[in-house]
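There are 2 protein chains.
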Amino acid sequence: MSQLGKQSIQLDKPVYINGSASVVGTKEGEGPLGLLFDMVGEDDMFGCQSWEEAESSLQKDAVYLALQKAGKKPEDMRYIFAGDLLGQSIATSFGLMNYQIPLLGVYGACSTCGESLTLGSMAVAGGFADRVVCVTSSHFASAEKEFRFPLAYGNQRPLSASWTVTGSGAFVLGAQKEETTRARITGFTVGKIVDYGLKDSMNMGACMAPAAAATIAQNLEDFGYEPEEYDKIITGDLGSVGQKVMLDLLREKGYDIADRHMDCGIEIYDAESQDTHAGGSGCGCSAVTLSAYILKQLEEGNWKKVLFVPTGALLSKTSYNEGQSVPGIAHGLILEIPDELG
Amino acid sequence: MSQLGKQSIQLDKPVYINGSASVVGTKEGEGPLGLLFDMVGEDDMFGCQSWEEAESSLQKDAVYLALQKAGKKPEDMRYIFAGDLLGQSIATSFGLMNYQIPLLGVYGACSTCGESLTLGSMAVAGGFADRVVCVTSSHFASAEKEFRFPLAYGNQRPLSASWTVTGSGAFVLGAQKEETTRARITGFTVGKIVDYGLKDSMNMGACMAPAAAATIAQNLEDFGYEPEEYDKIITGDLGSVGQKVMLDLLREKGYDIADRHMDCGIEIYDAESQDTHAGGSGCGCSAVTLSAYILKQLEEGNWKKVLFVPTGALLSKTSYNEGQSVPGIAHGLILEIPDELG
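These protein sequence lines are chains A and B, in that order. Residue numbers for the first sequence, in my numbering: 5 to 346. Residue numbers for the second sequence, in my numbering: 5 to 346.
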């Protein structure tokens, strides 16, 4: 591989996404991507006793299905890279325990899907593992309780608020192309923390937009690309408010990506009929959209090459209550169609 | 590098620890290792307004000093691998923001020091970075608030409870040996989640002991070593209660390591005079002991080769209150003296 610029890696030998799965809740199942998800829960408890257990169950199911689709067993996986939004990542710990795959826990708020795929790619491309699995999740009810107000409190949500996706996406990465290969990871750009001083946990899109703009610009600079190199530049969960800010910031840096920008948070719900305000968010948002929709477009050759940039807001209830800002981070991955163009 | 067995990696070309630093609070400064730490705070607020900010300040100072000792600047570091115990890792986010080093956040409870060094080693040995920095922290007051009771509540602590170390340890890893090199990382064993069903967050040593025993046994098996291969086998923060459990479990697996076992949690305080009960714990415990004491022994040639196994208890206040068990995880690193033996 080659180290490009300050933050990017070009993989000379790609890492293959050889299987993936998406498991979502009822609201996501009723949204525009509903029919594409592998599994939609009958209700958002998924047969469990608590929201946190339900989120654990999402991760467990997503990994199970991704392994099945890749034709692999848990013992074929050398490591699992996993994380979620809950304090001390308990959705991960209790969801993945029974797989008995060596665990490397990651935390990057809603950018965690990008971080887990980045580290998983390093492990495979670096020769530390032939196969790994990456999984992340979020759950609307556990996230509201963790970050804002318990649902029972019935607080009103401003229009800038996003709706945390109930969902989990899992991805089996491998060193070899297989029949099940959905896409190739050919490079990545690791993000820095970017803080513009915003303090509104009900407007996370705006908080994360500067980080998304920074990572996208850095990726284009490090690789020497114009935006046209990518069929789509896809952010995680900026939503409609964050999207505007991000596009403006990139214009200031000399890049206009408006014609090829897509945001998973905007795609996953019908904002008007589903009353989700600015859009979807959460670790699960970019993960399930990647598995269900983005990889499908690459597989079918509708897109040849995309930049996938999950975005995270680095806050906690404690930091928010203590008056801290909400810094953002975003990690970018270059995803290409399964076969190299001849 | 070679993949050994199910969980271990042998690095053919070692990764060098080219600088490190430890920053601790007053109680640690008064303990048996007090004189060895690089910086001891005058009080445990470190000039900040909240315990969380104080913990951020610990990480910032530890990275600053480690870079200084390695003769490097923040911009020389390609990635920072960092984490802490607080929900959403806020000590890390707010402590490291200003360094502007691309961040990969990790979470492994008190095993996070081992996880960050493992991933940092992968990044360097895999050619993704020439230099990275790894940092972890914990703070007694922020951890009690996060996991058990706020200090102001004045609850009584059972004798099996451990005392969370106020401290942060940072490590600069590089691909090249330098004048400042303190030790070589020559291999590692990534841990699995191990759950014996214990539910007592006031006896975390016993909760983590099975994971420590599993990782140590797996390391010996994967590398084909007897315990005598290591001058010391060092766990993170089992404390006196967990130590007994771990030694018993390893005897059942056919390994007696009692004559060469050391636990950072036991070393860092004088349990009797400092009233710390079972011993020290927290991400900071193994990190500051590694920097201040273990690396010193390797540097001076008192020990040639050790197995360093930070141990983590995967609980949160929420999982505990919902009646979940406290599973453990432990990651092992093989550390050797700076120069290869001729």
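Hints should not be assumed to be uniformly reliable.
[What the hints assert, rightly or not] Listed below are several chain A residues computed to face chain B (Cβ distance under 7 Å; list not exhaustive):
id, residue
1, Ile13
2, Met43
3, Val44
4, Pro331
[Stated by the list, open to error] Per the computed footprint, the stretches of chain B lying under chain A, defined by three or more beta-carbons under 8 Å from a beta-carbon of chain A, are:
id, region
5, 91-99
6, 116-126
7, 137-143
8, 170-176
9, 263-270
10, 277-286
11, 299-312
It should be emphasised that the hints constitute simulated quantities derived from the structure, not laboratory data. Ideal placement from N, C-alpha and C gives every residue a C-beta, glycine not left out.
Each hint, compared with the structure:
{"no.": "1", "hint": "Ile13", "result": "holds (6 Å)"}
{"no.": "2", "hint": "Met43", "result": "violated (24 Å)"}
{"no.": "3", "hint": "Val44", "result": "violated (25 Å)"}
{"no.": "4", "hint": "Pro331", "result": "holds (6 Å)"}
{"no.": "5", "hint": "91-99", "result": "holds (count 6)"}
{"no.": "6", "hint": "116-126", "result": "holds (count 4)"}
{"no.": "7", "hint": "137-143", "result": "violated (count 0)"}
{"no.": "8", "hint": "170-176", "result": "violated (count 0)"}
{"no.": "9", "hint": "263-270", "result": "violated (count 0)"}
{"no.": "10", "hint": "277-286", "result": "violated (count 0)"}
{"no.": "11", "hint": "299-312", "result": "violated (count 0)"}
Hint compliance for this structure: hints 2, 3, 7, 8, 9, 10, 11 are not met, and every other hint is.
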